[in-house]
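Each protein sequence line maps, in turn, to chains A and B. For the record, in the first sequence the residue sitting at position 72 is 71 according to numbering that gives the first Met the number 0, with numbers rising by one throughout. For the record, in the second sequence the residue sitting at position 222 is 221 according to numbering that gives the first Met the number 0, with numbers rising by one throughout.
No lab work stands behind these hints, which were simulated from the structure alone. Hints should not be assumed to be uniformly reliable.
[What the hints assert, rightly or not] Per the computed footprint, the stretches of chain A lying under chain B, defined by three or more beta-carbons under 8 Å from a beta-carbon of chain B, are:
#1 24-34
#2 37-50
#3 79-85
Since the structure is predicted, the reported quantities are computational estimates derived from the model, not experimental observations. Positions of the beta carbon are idealized from the N, C-alpha and C atoms, including for glycine.
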Amino acid sequence: MEIDPFIFRLSIFILSIFIGYYVVWSVTPSLHTPLMSVTNAISSVIIVGAIIAALAVKSGNLFDTANIFGFLAIILAAVNIFGGFLVTQRMLAMYKKKKKDKK
Amino acid sequence: MISENLLAIFYLISGVLFILALRGLSSPETSRQGNLFGIIGMAIAIVVTIISVGNFSTGFLYLLILLVLGGSIGAFIAYKIPMTAMPELVAGFHSLVGLAAVFVAISAFLNPEIFNLGFSGNIKIASLIEMSLGAAIGAITFTGSIIAFLKLRGIMSGSPITFFGQHYLNLTLGLILFGLIFYLCKTQVDTWFWTIIIISFLLGVLLIIPIGGADMPVVISMLNSYSGWAAAGIGFTLENTALIITGALVGSSGAILSYIMCKGMNRSFFNVILGGWGATDQTSLGKSKEQKPVKSGNSDDAAFLMKNASSVIIVPGYGMAVAQAQHALREMVDVLKKNGVKVTYAIHPVAGRMPGHMNVLLAEANVPYDEVFELEEINNDFANCDVAYVIGANDVTNPVAKTDPQSPIYGMPILDVEKSKSVLFVKRSLSPGYAGIDNDLFYRDNTLMLFSDAKKMTEDIIKSL
Chain A
0 MEIDPFIFRL SIFILSIFIG YYVVWSVTPS LHTPLMSVTN AISSVIIVGA IIAALAVKSG
60 NLFDTANIFG FLAIILAAVN IFGGFLVTQR MLAMYKKKKK DKK
Chain B
0 MISENLLAIF YLISGVLFIL ALRGLSSPET SRQGNLFGII GMAIAIVVTI ISVGNFSTGF
60 LYLLILLVLG GSIGAFIAYK IPMTAMPELV AGFHSLVGLA AVFVAISAFL NPEIFNLGFS
120 GNIKIASLIE MSLGAAIGAI TFTGSIIAFL KLRGIMSGSP ITFFGQHYLN LTLGLILFGL
180 IFYLCKTQVD TWFWTIIIIS FLLGVLLIIP IGGADMPVVI SMLNSYSGWA AAGIGFTLEN
240 TALIITGALV GSSGAILSYI MCKGMNRSFF NVILGGWGAT DQTSLGKSKE QKPVKSGNSD
300 DAAFLMKNAS SVIIVPGYGM AVAQAQHALR EMVDVLKKNG VKVTYAIHPV AGRMPGHMNV
360 LLAEANVPYD EVFELEEINN DFANCDVAYV IGANDVTNPV AKTDPQSPIY GMPILDVEKS
420 KSVLFVKRSL SPGYAGIDND LFYRDNTLML FSDAKKMTED IIKSL
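Produce the complete structure using the sequences and hints provided.
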């Protein structure tokens, strides 16, 4: 009997939780706010589902209810992707080390 | 068009890049590179998806317009938002992820053929479970984050809203949700699907309203975690590796942050979720307090003390964020450093309204991050320090947490501010902090209260220096 592909996805999921666990514990506490904003940005990868939902044309009509929900999800995810990554970048740019040449 | 296998490999690559993005945050030096990895991963995921759909007609045009529209809104917010408003921003962004998850789930439910999930009225059971879980968690994240946003923004009162039987109501709604998912799988009737979403919206509101303002660090982390689980649920439905990996990463990240925040307050996760701290304790404590003598001083006294100190530790809290005092504080520290005073910053894990809130504000004010220390790193230094300058913090310095088992904050790790030779406590009044308890520190002999707004007092001290 072949293994259900679901089991493979479940394996990826469980292993990723462990990776997340170890990676996040190694994040320095002073960067916890950027951590939240960047996780927020990457979870917007849900946009891939939105793109498929929006662009798949079933009955020749692009503005089927299902497509419209896809388009709405694209806007929401796009706000998050750009907003999330840019605000993270803005924050990270502020973290500076002590200047060596103190006056 | 690209083959399914190649597509899956690309999604795997973006998943790996997202892992590297989080890995980069282990130190400020590597963090910027990490963020770049995240952006590349996202770009790969979006581009290959568009190519795989292969529809470059009108729909593609709309897609580009919406991407640019959403992207510009996001970019605009990202550049305009003041750093003090970061907790609200993150809460607001979480709500968007939640709603996007709901929309994608609805779309998949209405049009399952395009995702290979079966046919309307006959969707695969596993996919139905996955999409309803994704939609339910997404909906809870959406309304929950909106409530959190309103509370953080001050549009809604930060005090806990509780009513009789609240927890039983939530529990019942939760059980009904599972019942509905079961019925949906059995009957495939779309009414159940809509009911699941509506109940989840309601549950999101009910879960967050009993949680008070200072517990917001836990709430934001928790919603962060939820948005991850929602994405993972959708990832299973769409059989998309990038989404599953990301969902798991974000989910565990949020869960760990919630855990760290709870530990910082010495409370269990359920204790926070089940609501109001101040709500129950305020009545029994604080009221019968007799007036005790307090020493208060002005900016000249403070300036004198700090100028003649050899080391000063600064303890910032939420009050500093409210008063936007971080820039004035940095200026004050610059003056002190010129006078040869050694200055460091001590940050409690739950200071502010979200994890790492104070660090970001200090970074904004150009405070080098290697002068900023966490509780465990710096707590022993208070005993050797001349002046502790407490600005906008309160409960996290209260020695009662170590001495009085009756106190609601007993056992909470606190900054040992009282061990320093003298304590300067900037505060507008003697009113108790969020926990509703009096701070013993106010009445100590070595404490000098500076009654003023955090920013104004700091500026006055600069003048006196």
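Checked hints:
no., hint, result
1, 24-34, "holds (count 11)"
2, 37-50, "holds (count 14)"
3, 79-85, "holds (count 7)"
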